[in-house]
Amino acid sequence: MLRRSWRIGVWVLVLGLCAFGIYKMEHYQIERNVLGDGKAPDPAPVAKEIVDKLSDIDSYREVADRGRLTLYFEPITSSIAIRDRSTGALWMSAAQISDEALGGSELLKNSVRAPLNLTYADYSRPVHDPLITNSITLPPKIESEPVEGGIRVHYDFEKLGISFAIEYTIGDDRLEVYVPASSIREKTSNLLVSLEVLPNLGSGTDRDQGYMFYPDGSGAISYFKETHPAYKDRYSATVFGSEEVLKRTGQRTENAYLPVFGANKNGSGFVAYATEGEYETKINYSPSGYTVNLNRVSGEFFYRRFYDAAIRRGEFSQRVERNLMPVDHRLRYVFLSKDQSDYAGMAGAYRAYLLSSGKLQSRIAQGEQQIPAAVDLFMGIKEDSVLRKQFLNVTTFAQARTFLEEMKAEGVGAMSVVLRGWMKDGEGDYPDSDEAAGSLGGRSKLTALTRYAKDSGIDLFLNFNNVDAFGKNLGFRKNLDVMKSPSKLALEDYYGSWYLLNAERARQKFAGGQSKRLAGYGAAGIDFEEMGEIALADANEYHPLTREGTVDKWLEIMRDSREQNGKVAVRGGNAYVLGTADRLSDIPLGDTGYVYSDEAVPFFQMVVHGHIPYSGDIPMNTHYDAKELFLKWVEYGSMPYYELTYDSPEKFRYTFYSDDLFSSTFAQWSPVLVQQYKELNEQLGHTWGQEIAGHRVLSRDVYETAYADGTKVVVNYASVPYKGAGIEVPPRDYRVLR
Amino acid sequence: MALALMAVASLFAGSVAAYAVPATGYAIAPEGYHIAVPLGYSVERVLTGDSEHGMFKNPEDLFIDAHDQVYVADTANNRVVKMDRYGKILQVFGTKDDKLNLMEPRGVFVEDDGDVYIADTGNNRIVHLGPDGALVEQFGAPESDLIDKDFPFMPTKLVLDRNGYMYVTNGSDYHGLMVIDGHNEFQGYIAPNKLKFNVKDYILRKYATKAQREALGKVVPPNHRNVTIDQKNGFLYTAIENTRLDEIKRFNLLGINTYPVDKQYGEFNVRRGVTTSPNVVDVAIDKDGIVTAVDSNHRKIYQFDQEGNNLLVFGGNGDQTGFFQEPVSVANDSEGLLYVLDRARGEVQAFRANHFATLVHKGSQLFSDGRYEEALEPWRQVVSIDSNYILAHRGIGKALYKQGEWKAAMAEFRLGEDMGNYSNAFREYRHQLLRRDFGWIALLVAAVVVGLYYAIVVLNGYARKVLAAPAGSRHPSLQNGVLAVFAPREAYYRIQSAPRYGPVVALVLGMLAARFIQIYYTSFHFNLTRPEFADFFFEVSQLIVPFFLFAVSAWLITSIMDGESKFKQVLAACAYAMIPYIVGTLIQTALSNVLTRDELAIYDMIGTLTFAWVAVSVFVLLMTMNDYSVAKTIWVIVLSVLTAVALLLVGILFYVLVQHVIDFFKELFLELYIRGF
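Protein chains in written order, with the numbering used here: chain A, 2 to 739; chain B, 9 to 685.
Simulated from the structure, these hints should not be mistaken for laboratory data.
Wrong hints could be hidden among the right ones.
Simulated pairs of lysine-lysine, DSSO-like, Cα-Cα distance not exceeding 30 Å [claimed, not checked]:
| no. | chain 1 | residue 1 | chain 2 | residue 2 |
| --- | --- | --- | --- | --- |
| 1 | A | K713 | A | K679 |
| 2 | B | K65 | A | K724 |
| 3 | A | K226 | B | K96 |
| 4 | A | K233 | B | K96 |
| 5 | B | K370 | A | K652 |
| 6 | A | K652 | A | K425 |
| 7 | A | K233 | B | K65 |
| 8 | A | K473 | B | K415 |
| 9 | B | K674 | A | K489 |
| 10 | A | K724 | A | K679 |
| 11 | A | K383 | A | K226 |
| 12 | A | K425 | A | K383 |
| 13 | B | K65 | A | K226 |
| 14 | A | K446 | A | K425 |
| 15 | A | K652 | B | K157 |
| 16 | A | K479 | B | K674 |
| 17 | A | K110 | B | K65 |
| 18 | B | K674 | A | K248 |
| 19 | B | K240 | B | K271 |
| 20 | B | K226 | B | K202 |
| 21 | A | K226 | B | K104 |
| 22 | A | K339 | A | K283 |
| 23 | A | K383 | B | K415 |
Construct the complete structure from the given sequences, taking the supplied hints into account.
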């Protein structure tokens, strides 16, 4: 009897629990934001009268004066203004434009006058969308306190539960914007994603004169102009390149190599660059015609990133990172004098900063008189065949040596040579092996080649890739050694065949013998693939690294290699390599070519020329227009660049490398190389050790590059002759003025 | 082969090349894979309208007249804009002042004397204007019993020939181009597209109920999206949208398509899980007959020669100059510049051919005219810029062939992947060799023939000797091998009495060896499976799997059909039955290096004989080993084959199931790993 009632009791309990469980599941509600579900009324936007008066300096108060610059502050919206006495310009955080000229909605009208745009995401929602607002539409509580040379402003977005502080300070010629990470507080499930500070400083209307500069590839400018279509996209580039390295679709884009942007407006200008937190910064340029008729350029500071979390196989949901990256951001606006207000002046100011802070190391002797020829030699690759993978000898070490000897004999005095595919498995089997390919001549022939190069003053680098990793390579562990996304899944391409190595693992492997073995070949240095082109945050379980952390490990590898070999080369020119590298490759001689860009400018080259040798990203032998490329070399001060082989490229036609190289034999290209080398050095050899002092557009398709010693080069890409002051340049040609 | 290469290309196209961004385009080889080439065209200038007249809004058509004036049908602005070729606006038709009241004009055509014809789509009419913009006449819907009432008059594109006939595309009317004369009389439809027979559709329709059929929708032929006229040669070119075959057609004025048919002029590709089908929306013809097509799905420009060979491809999706968002129209000017209208961007990009493209055009034009030797120089230059450009190698090969340089021509055709012409050059080369060294060659052939004959005689003698001797003495495996050829019945008796696994392994390996020798050493002009493209596992399994499946199923069937053989015996005998395959394949491979494709019949006959011999061997072995009658043997073979197929299906099913289980555990592990870490 007792047992029976027990049994009934247990049954009732179980059924009851089940019913309760089902009831709970049926009525499950995701925990909503305490404030964010519409219950609390939105605070009213800043009153229209106040917004309208933001372009009037009288509503501001002076907070700091440094002789040349004066900083003004408007307490209700925290707008700031800077008066530059030397140029007479008044730079305001609120755009000076009438509503009808601007076009667009009320929200957009507010945003072009706001000193601050903010992006956040609500973590309590199932899908984390970026939500964008600005400090005029959603006014925060603002408190300010004076600090040395400026003002510290506390923002409290009570509705969102997000608060932080920003310091605006001025120096002799500069405004510094500093956002200390320690000041950021989040009270609710609203998480701060990014801050775009002073998005409208220097903004230009269609009727203003001037242009915006942004660091797309070598650098690009977009003029203020009335004739423009409506654009669907703007320029928004993560500094040092997008993190979507393996998921890229067809569209080719160039990196933002440098964390810098600038504005030239009605004869005065500024350049702005991130001095802290550049790894978590985006550069934005909104052309007039993108939502509103106003040209705006700005830096955006990031604290979190979005990622795709796997829900189930093949299904992803956008999530935002839980933890804030405690990165301090500092952006410096340097106001330029009237005669230095163009992009060349911007480059000069930025270069001065890099040199003084040690972030750019000079590797070229001042009096250097010879532009080296940059030659990549493609040595070997494995070809798939039905029974075995066949190693194709495209250029053996001995053939490479003969080629170098011939070039020397022909009078090519200075060369910077990179060997590709020299290792055991040839090109394209990443991560690369550190053993020399036996069939190319092995270690002995390779050391003979490097010795010859050293003795004849040729810089010879060994290309090495320990960033990429292909699934079929057995040299790494696919679940431990690779970069991972915050969802803990490995970063891989669509086919699951391409990974990236965790930088710490790569460093350990490098330090544990690779470095010594590579140095043992006696080359001038190692040419590191990828390290100057990409930067990624890595959520690897054992060695999680931020973007900066990954790059630091790579820099450690490079410095280690440099100590062993004497020099180090790197592909790509992201700003962080400029303090270490002795040679840069794959530096684009142009921009991406976005529809809103009007001119590509050699900004990167102006910063680096005379300090680090660099070559372009397309070798002469595969370029579609030899003349144009040669003129680009002349204009951009680049090394002449070729990628050559001994055997005909027909040999490796059925390998993937036929996409890159389809005309490359020594026999065909040596005479071209010799002729172009001689011509370049005769005309411009003396400029190799000098900085580029100026660059300007003389006319459509006609550009002038000026060097520190006064040498001027006028390049005419047009099909008609150019006649200018004291100079005549035939079509598709150039002239040098000493 | 083409497939394999494409797979390789797509694997790598996005990977290694993605960082360094070479300024390259590609060409599509006749076999369908991509060849990287230097960028064919680069942007010279961009025409956008101006702030005074307003920018373009969803423009849909572009026309360049004899004086290089550019006309844009600015559809959403209800106007047609006339510009000079630098983009300066000269005249606007459809303004407030001229009272034309155009509504969504989608097409424009201009005669040599400057008369403008506008397809005023929204108003269901065609407007004819004088060069000054004054209204001359308008054409409303023509009347005729022949016109399908389902398609009201909605002219979208039009051209005029020299006789004043208008050829009009009418909305989605699939009957063809409407021909309308100068009196607005309907002259009939020409150039209808036909629907291709489709087995799947046929079965669906045959067995579907009426309701289901209706749900499927009516299948209609694709319609002409666009029409262009080549006044010089009197051809009408049309672009046909949303079809996967024959996207471009070239009609003579009788309405007969003279462009190569059953070819793909667009691309259909699946990349990273995204499928893009072709949608060719416009074509343009330059003075040399180069056909330029624009595809608004791929957002690319494709160029073809007169024979429909792809010359190069450029463009793609992107918000960059030189790329497109929605290209809808293309036209040439007299200077050779290519203008492409982008509907979404509202701009015209003018492209100039780069050096490489110019050379390719020159070469292909001379080649099309049959002037092979004149084409040699441009093709040589093309190859020096891109050694992988297949058409150039073919062109050089043709020229060398004409000059009688057989050996060199063979090398070029080999690089040009052209089996037919390689074979022709080889035939001439063989002829030349024969003439030069007839004596030696005749001697060699005689020696080989005599040698072969003698070998057969010796082996036959050996077989007789073995037959006389008792079974199992000396080298039974070897003896059985010889007997399997010369006295199969005795051979299979002996194998049945003493089956061994050693010879099975050796013969299966021999079979594989013969196949790989065939892959590696068959001459280019016969070789359909080249070592670079062959897949090891596929090749091995296509021999091994049927062999073992048949052995197993034959054993299964014989054991239930009063058979007398064990599995080991069947397997051993089957292995010996493959000897003819090994011998035949080797002979075929050797002969491929002497024959030309004209003698394809001989080559194929050897293959057929080989398989017939194998079949006979199998027949004999089953019959002898199980004491079957002829009829029963045939019946057993049929059953065995069916069983083998059934086994294969079961195997595949099992594999799929196991794969699912493995996937399940993988996913479970991943889930635990993600949640747990």
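Hints, verified against the model:
Distance check on the hinted pair: A/K713 and A/K679 sit about 19 Å apart at the alpha-carbon level, within 30 Å; holds. Taking the CA atoms of B/K65 and A/K724, the gap is about 38 Å. The hint is violated against a cut of 30 Å. In summary, the hint linking A/K226 to B/K96 is supported, as the alpha carbons are separated by about 16 Å, within the 30 Å threshold. For the suggested pair A/K233 and B/K96, the alpha carbons sit about 24 Å apart, so the restraint of at most 30 Å is met.
As the CA atoms of B/K370 and A/K652 are separated by approximately 27 Å, the hinted pair is consistent with the 30 Å bound. For the given pair, A/K652 sits about 18 Å from A/K425 by alpha-carbon distance, which is consistent with the 30 Å threshold. Among the hinted pairs, A/K233 with B/K65 is consistent with the structure: their alpha-carbon atoms are about 13 Å apart, no more than 30 Å. Among the hinted pairs, A/K473 with B/K415 is inconsistent with the structure: their alpha-carbon atoms are about 40 Å apart, more than 30 Å.
Taking the CA atoms of B/K674 and A/K489, the gap is about 15 Å. The hint holds against a cut of 30 Å. Restraint check: the Cα-Cα separation between A/K724 and A/K679 comes to about 27 Å, which is no more than 30 Å; the hinted pair holds. For the suggested pair A/K383 and A/K226, the alpha carbons sit about 53 Å apart, so the restraint of at most 30 Å is broken. Of the pairs offered as hints, the one joining A/K425 and A/K383 holds, with about 10 Å between alpha carbons and a cut-off of 30 Å not exceeded.
Restraint check for B/K65 and A/K226: satisfied, since their Cα atoms lie roughly 19 Å apart, inside the 30 Å limit. Proximity of A/K446 to A/K425 is assessed by CA-CA distance (about 14 Å); at most 30 Å being required, the pair is judged to hold. Our distance criterion of 30 Å between C-alpha atoms is broken by A/K652 and B/K157, whose separation comes to about 62 Å. Taking the CA atoms of A/K479 and B/K674, the gap is near 14 Å; set against the 30 Å cutoff, the hint holds.
A C-alpha spacing of about 24 Å is found between A/K110 and B/K65, which places the hinted pair at or below 30 Å, so the restraint holds. A hinted pair counts as satisfied when its Cα atoms are at most 30 Å apart, and B/K674 with A/K248 qualifies at roughly 23 Å. With a C-alpha separation of about 25 Å, the suggested pair B/K240 and B/K271 falls inside the 30 Å cut-off, and the hint holds. With a C-alpha separation of about 14 Å, the suggested pair B/K226 and B/K202 falls inside the 30 Å cut-off, and the hint holds.
A distance of roughly 27 Å separates the Cα atoms of A/K226 and B/K104; the hinted pair therefore holds under the 30 Å criterion. For a cut-off of 30 Å, the pair hint linking A/K339 to A/K283 stands: about 28 Å separates their Cα positions. Between A/K383 and B/K415 the alpha-carbon distance is near 29 Å, which keeps this suggested pair within the 30 Å criterion.
Comparing the model with each numbered hint stated earlier shows that hints 2, 8, 11 and 15 do not hold.
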